[in-house]
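Chemist: Protein sequence lines, in the order shown, are assigned to chains A and B. Numbers 1 to 253, taken from the numbering used here, label the letters of the first sequence in order. Numbers 254 to 636, taken from the numbering used here, label the letters of the second sequence in order.
It is worth saying that the hints were derived from the structure and are not from the lab. Misleading hints may appear alongside valid ones.
[To be verified] Reference excerpt, derived from the structure (chain A facing chain B, CB under 8 Å, subset only):
(1) C49
(2) E73
(3) V101
(4) P123
(5) I149
(6) L160
[Stated by the list, open to error] Partial chain B-side listing against chain A, Cβ under 7 Å, derived:
(7) G311
(8) Q354
(9) L482
(10) A483
(11) F484
(12) A485
(13) F498
(14) R504
(15) P505
(16) R510
(17) A513
(18) V569
(19) K596
(20) R598
(21) Q606
No residue lacks a Cβ here, since even glycine has one placed at the ideal position from N, Cα and C.
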Amino acid sequence: MDIATPASGGAPSLRAFDRQHINAMLDALGQLDDVLRHVVPKKRMAAGCVGIDVAPEELIATAHLLRDQLGFEMLTTVSSADLLDHIESIYHFRSLAKNWVLQLRVKIASEEPEVDSLVSVYPSANWLEREQYDMMGITFRGHPDLRRILLDDEFFGFPLRKSFHSTPITVHDRATTQVDPNRALGGEAQRNVERVVAKRLGQGEQERLHPGVPTFGSNAFYLETGQGLEPDQPGAGERGDSAQKETPPEPGT
Amino acid sequence: MAVEPNLEPSLYTEGIGGLRSEEMILNMGPQHPSTHGVLRLVLVLDGETVVQCTPVIGYLHRGMEKIFENRPYMAGPRYIDNADYLSPMINESAFSGATEQLAGIEPPRRAQYIRVIVNELERIASHLVAVGTYGLDLGASTPVLWCFREREVILDLFESLSGHRFTHNYIRPGGVLFDFPKGWLQQCEAFLDRFIDRSWPELDGLLTGNEIFEARTQGVGYIDPQQALAFAMTGPNLRASGIPFDIRVDRPYDAYREIAVEPVTEQSGDCWGRYLVRMKEMKESVRLCRVAMDRLPGGAISTRTPIAFRPPRGEVYFAVESARGEEGLYMVSDGSEYPYRAKLRGPSFVNLQILPELLRGRRIGDVIAILGSIDIVLGDVDR
Numbered sequence: 001m002d003i004a005t006p007a008s009g010g011a012p013s014l015r016a017f018d019r020q021h022i023n024a025m026l027d028a029l030g031q032l033d034d035v036l037r038h039v040v041p042k043k044r045m046a047a048g049c050v051g052i053d054v055a056p057e058e059l060i061a062t063a064h065l066l067r068d069q070l071g072f073e074m075l076t077t078v079s080s081a082d083l084l085d086h087i088e089s090i091y092h093f094r095s096l097a098k099n100w101v102l103q104l105r106v107k108i109a110s111e112e113p114e115v116d117s118l119v120s121v122y123p124s125a126n127w128l129e130r131e132q133y134d135m136m137g138i139t140f141r142g143h144p145d146l147r148r149i150l151l152d153d154e155f156f157g158f159p160l161r162k163s164f165h166s167t168p169i170t171v172h173d174r175a176t177t178q179v180d181p182n183r184a185l186g187g188e189a190q191r192n193v194e195r196v197v198a199k200r201l202g203q204g205e206q207e208r209l210h211p212g213v214p215t216f217g218s219n220a221f222y223l224e225t226g227q228g229l230e231p232d233q234p235g236a237g238e239r240g241d242s243a244q245k246e247t248p249p250e251p252g253t
Numbered sequence: 254m255a256v257e258p259n260l261e262p263s264l265y266t267e268g269i270g271g272l273r274s275e276e277m278i279l280n281m282g283p284q285h286p287s288t289h290g291v292l293r294l295v296l297v298l299d300g301e302t303v304v305q306c307t308p309v310i311g312y313l314h315r316g317m318e319k320i321f322e323n324r325p326y327m328a329g330p331r332y333i334d335n336a337d338y339l340s341p342m343i344n345e346s347a348f349s350g351a352t353e354q355l356a357g358i359e360p361p362r363r364a365q366y367i368r369v370i371v372n373e374l375e376r377i378a379s380h381l382v383a384v385g386t387y388g389l390d391l392g393a394s395t396p397v398l399w400c401f402r403e404r405e406v407i408l409d410l411f412e413s414l415s416g417h418r419f420t421h422n423y424i425r426p427g428g429v430l431f432d433f434p435k436g437w438l439q440q441c442e443a444f445l446d447r448f449i450d451r452s453w454p455e456l457d458g459l460l461t462g463n464e465i466f467e468a469r470t471q472g473v474g475y476i477d478p479q480q481a482l483a484f485a486m487t488g489p490n491l492r493a494s495g496i497p498f499d500i501r502v503d504r505p506y507d508a509y510r511e512i513a514v515e516p517v518t519e520q521s522g523d524c525w526g527r528y529l530v531r532m533k534e535m536k537e538s539v540r541l542c543r544v545a546m547d548r549l550p551g552g553a554i555s556t557r558t559p560i561a562f563r564p565p566r567g568e569v570y571f572a573v574e575s576a577r578g579e580e581g582l583y584m585v586s587d588g589s590e591y592p593y594r595a596k597l598r599g600p601s602f603v604n605l606q607i608l609p610e611l612l613r614g615r616r617i618g619d620v621i622a623i624l625g626s627i628d629i630v631l632g633d634v635d636r
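Chain B extracted, bound-state conformation (with noise of 0.2 Å):
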């Protein structure tokens, strides 16, 4: 975290007749309810035009890293449930297939089975409050009330499962912590059917055809398939700018071998294609649910993983498509009970390197539509 911006020197510049135009500085945030969470930028404007924008993060720094390196590995996934807060599940998924890729563990079929259905349907809650956030940062304050209230339902689902609505610490190296509760599959059907017939639609009307919304996002914070790679975005920003690389599809983990993914890509690269692959997913994840939940095979649910848990000796490289992008632990045992190092790859961290980028050039309203486009969670992004 930086307290003081790296900015040019020369912020004077000569206008017409003589007359002087002065840059101006503008801090957004870190106390802001646009920029997604603590973040603060930096801008220099000209006029309405930012000329150079600058990015301090750290602001919710909690030294994530650490703390793996000082807890057991059972202990990993409650930890990891704050890095990215909107999305615990695949946050979980991911800490417990690295250790298991670490320890040569296979996960029990019904439990990987119970991870796709319960990441699919974070994924569809993420998604909802990104869309929802990204609506009401451009002025339409009824979607978010929606898609609140549809991400309530799924947050009740998983209070059901696993005891908590947020940080559920369900998904553990080996296996998942309970089997489904009574019922659960049948209310999880119905908020399926319930989401797809109405909601969905519902919400696709009010901010597809929007005119406001479309001239709002539409050609504005366009990216370059090269410069995605190149600034190494993944997730929806990068299938955004047709680039179909879903980590599910390429490298699949769990149950998604054996279910198959279609990734969306939208040609446009702007924030409306942005947009329009989070609408997509949220139909494809809910397919991916009924289609677990249709094969969802008994057994057991866990493998007997000790709470003194020693891997081998080695390092892994493990990554899950999170909501918002590879979501990639780097971890080292040293064949005692804690990770000697794990090193989280925060998706928000690497696609908020790009926004200096968008923004040059564009006008301050612009600012707002591009960042939540690129829909970041400061959890993700300080960890």
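The shape of chain A in the complex, shown without the other chains (with noise of 0.2 Å):
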């Protein structure tokens, strides 16, 4: 018996990549241009995926079509980014029996961001967008239920946004604690906080760049903080309180 056909033999298909298969999704997608009287912008990406790109009042007139006419079953995920001057919710839809795969980006403001919800279209959009809620702060309008789904009700701030940090920034001596950890989990410490150290090359690349040297404690952050260890004394750079330990008493004497 030959095992490497299956049962049904069937072969490896990759239709869904074929330029084809594509071109005839964009040809169906053509209907949006129609529905929504402007020429909505497609584009093809990577791993076989078309991505068009919608305006928010428009979203809910793309979602019907999209599941009415076009035959996307299914509301896969809800995704979103944060791009500083906007923010972007983007949904994949997923076309079963055509095997297609669909991106919709809505591009919202990022001060109070809202975008109507596709609860009433797909079901799945439920958690989906509460989490999105609870991570970006993308308010949608019409969800039946919009709670913090992942994170405490009482944590403040979303955590996904370019604008949290995930640590606390201000950093004290080290022999003291830095924050409060419970006001940090809970975000508290996000608020109010100078910012002394500067995330300038990116975490861990300090190290990388002068390996051995603790990022706390160098001689960059003496100088930019005025705080910590002097760079000049014996036991600067190194972990723990060296330069506190007392000389030995001379033997003899």
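Hints given; two lone chains; assemble the complex.
Modeler: What follows is the structure, given as structure tokens:
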């Protein structure tokens, strides 16, 4: 028995990534232009996906068209990205019958971002949109149950915004605890903190460029903040409080 | 994570003959042996009937997407291991595949075949846990021991391959980390032979013909195909409702482009069907492993991907077929060493959403049966 062919005798098919297959999808998406009465920008993406951009007020109409006319049965994912000047709410639809994947992007303002909810069209949007509300702070209008889903209800801030820092950035003397960890977890430490150590090179890069020198307690840190160990003292740049170590008494005196 | 469940205000009903019966709130979890992790279910019960169920999740949230944004691409696989902690190899494939699509890298053929072998082994291991603990939930305590015995062999194979039993950190953008050590393929072959000839029929005999098991699962937790699509269910849960959707078939990646996969479907759509799909998928995975080992090409196992790896600007949505469904990554690159945004679609998170619908009107004993059949991993739900 040849085990290489499955029982149904199928062979692997790369049809999903065919140029013609994707052209057919682009043609079908031409219906969108008729309904929305303007040309919707469409682009080919990696992995056989097609991306379109629509305006926020056209989202519900587009979703109805995608589900009812074009056969996108499944809303797979709701994602979002904080692009600083605006926020993108991104939806991935999947058509199982036609083997299509579509990415729909809606650009919204980053101040109090609001967009229509798709729960009325796709029930799976319920938790997916709640997650984006939780993480990115996008308010979905018309969502039946818009609460935080993964984080605590008392959590302050939206962690996936670029303005949110996952660790407190105020650094005091190493001998003291930097920030009350409970406050840090609740996001309280995000407010009114002074950015003492700027994250210039990216996390971990300083250690890689200057191996052996801890980031906090290095010369750069001392010069910038005036805190911590003197750079020229013995033991500076080492972990622990070796600078305060007493020199042993001279023997015999 | 919501602390207070969202409950209907009218909790009191007027019973027969003036007797007042009262609905009861039962809190199941987060520490409960049958919720498969730190899942909390707030159940409103009328006698033994579930009136309403509110899943409360987030107890295992680790902020994985934020972690990705603060780590280089090459460090991503190490963190994504912990998302779906029962199938870390498949998570790594998803992350590596997305990064490769972003950068336009094609891993060497040998690496692709190695990925298929370890992915299918991981699928067997994951389904073994799913089936074993499902039996345990329903009162059969032997299968779980046998399943974990078999899974231990797979984990030993992974340990000799990657150095870690659990969080392997083995599949990297551009290929895999190590080639097979000496004798690994023979050990793997021996395991597959023993598994398919002895262990699988033993497990099948314990559960498939079991009257209690069948009575607890058949006709319980029926999911309509349209409902499954509306709730975006994927993986064995969708295939048990009769829809042959499998990303390995529909949008093949890695060496699945050369190895034909047959999606396993069942028409029944109930807990029994979902169990059967998992059992049959194990057999299919064994076949895929053998085919991949037969055809294993020689050559390099990785491209020369630098540690400080900077894909060009762009975005990608890439999905692989995990043991639980579509594991997708939406990645945005701004041309730097760190992903600008990496959104992880956990299949368990999406699959769990249908639970309140399934539990409404069922008895409390079915809660465990239905929850177990969906096969969630809380690390994947909370990420």
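Chemist: Would you mind marking each hint as holding or not holding in the structure?
Modeler: Status of each hint after checking the structure:
A hinted interface residue such as A:C49 counts as satisfied when its beta carbon comes closer than 8 Å to some beta carbon of chain B; here the least separation is about 6 Å, so the hint holds. Hint status for A:E73: holds, given a least beta-carbon distance of 4 Å to chain B, under 8 Å. Among the interface hints, the one on A:V101 holds; its C-beta lies about 7 Å from the nearest C-beta in chain B, closer than the 8 Å criterion. With 8 Å as the threshold, the beta carbon of A:P123 comes within range of chain B, its nearest partner Cβ sitting at about 5 Å, so the hint holds.
This hint holds: A:I149 has a C-beta 6 Å from the nearest C-beta of chain B, less than the 8 Å allowed. Checking A:L160 against chain B: minimum C-beta separation of about 6 Å stays under 8 Å; hint holds. With its C-beta approaching chain A no nearer than about 4 Å, B:G311 sits inside the 7 Å limit, and its interface hint holds. Here the hint on B:Q354 is kept, as its CB sits about 4 Å from the closest CB of chain A, short of 7 Å.
Against a cut-off of 7 Å between C-beta atoms, the interface hint on B:L482 holds, since the closest Cβ of chain A lies about 4 Å away. Given the 7 Å rule on beta carbons, the hint for B:A483 holds: about 5 Å separates it from the nearest Cβ of chain A. Because the smallest distance between the Cβ of B:F484 and any Cβ of chain A comes to about 5 Å, under 7 Å, the interface hint for this residue holds. The interface hint given for B:A485 holds, since its Cβ lies 4 Å from the closest Cβ of chain A, which is under the 7 Å cut-off.
The interface hint given for B:F498 is met, as the beta carbon of that residue sits about 5 Å from the closest beta carbon of chain A, less than 7 Å. A least Cβ separation of about 5 Å between B:R504 and chain A falls short of the 7 Å threshold, and the interface hint therefore holds. The criterion of a C-beta within 7 Å of any C-beta in chain A is met by B:P505, whose closest approach is roughly 5 Å, and the hint holds. A hinted interface residue such as B:R510 counts as satisfied when its beta carbon comes closer than 7 Å to some beta carbon of chain A; here the least separation is about 6 Å, so the hint holds.
Checking B:A513 against chain A: minimum C-beta separation of about 5 Å stays under 7 Å; hint holds. Taking 7 Å as the C-beta cut-off, the interface hint given for B:V569 holds, the closest approach to chain A being about 5 Å. Among the interface hints, the one on B:K596 holds; its C-beta lies about 4 Å from the nearest C-beta in chain A, closer than the 7 Å criterion. Taking 7 Å as the C-beta cut-off, the interface hint given for B:R598 holds, the closest approach to chain A being about 4 Å.
For B:Q606, the interface hint holds, the least distance from its beta-carbon to any beta-carbon of chain A being 5 Å, beneath 7 Å.
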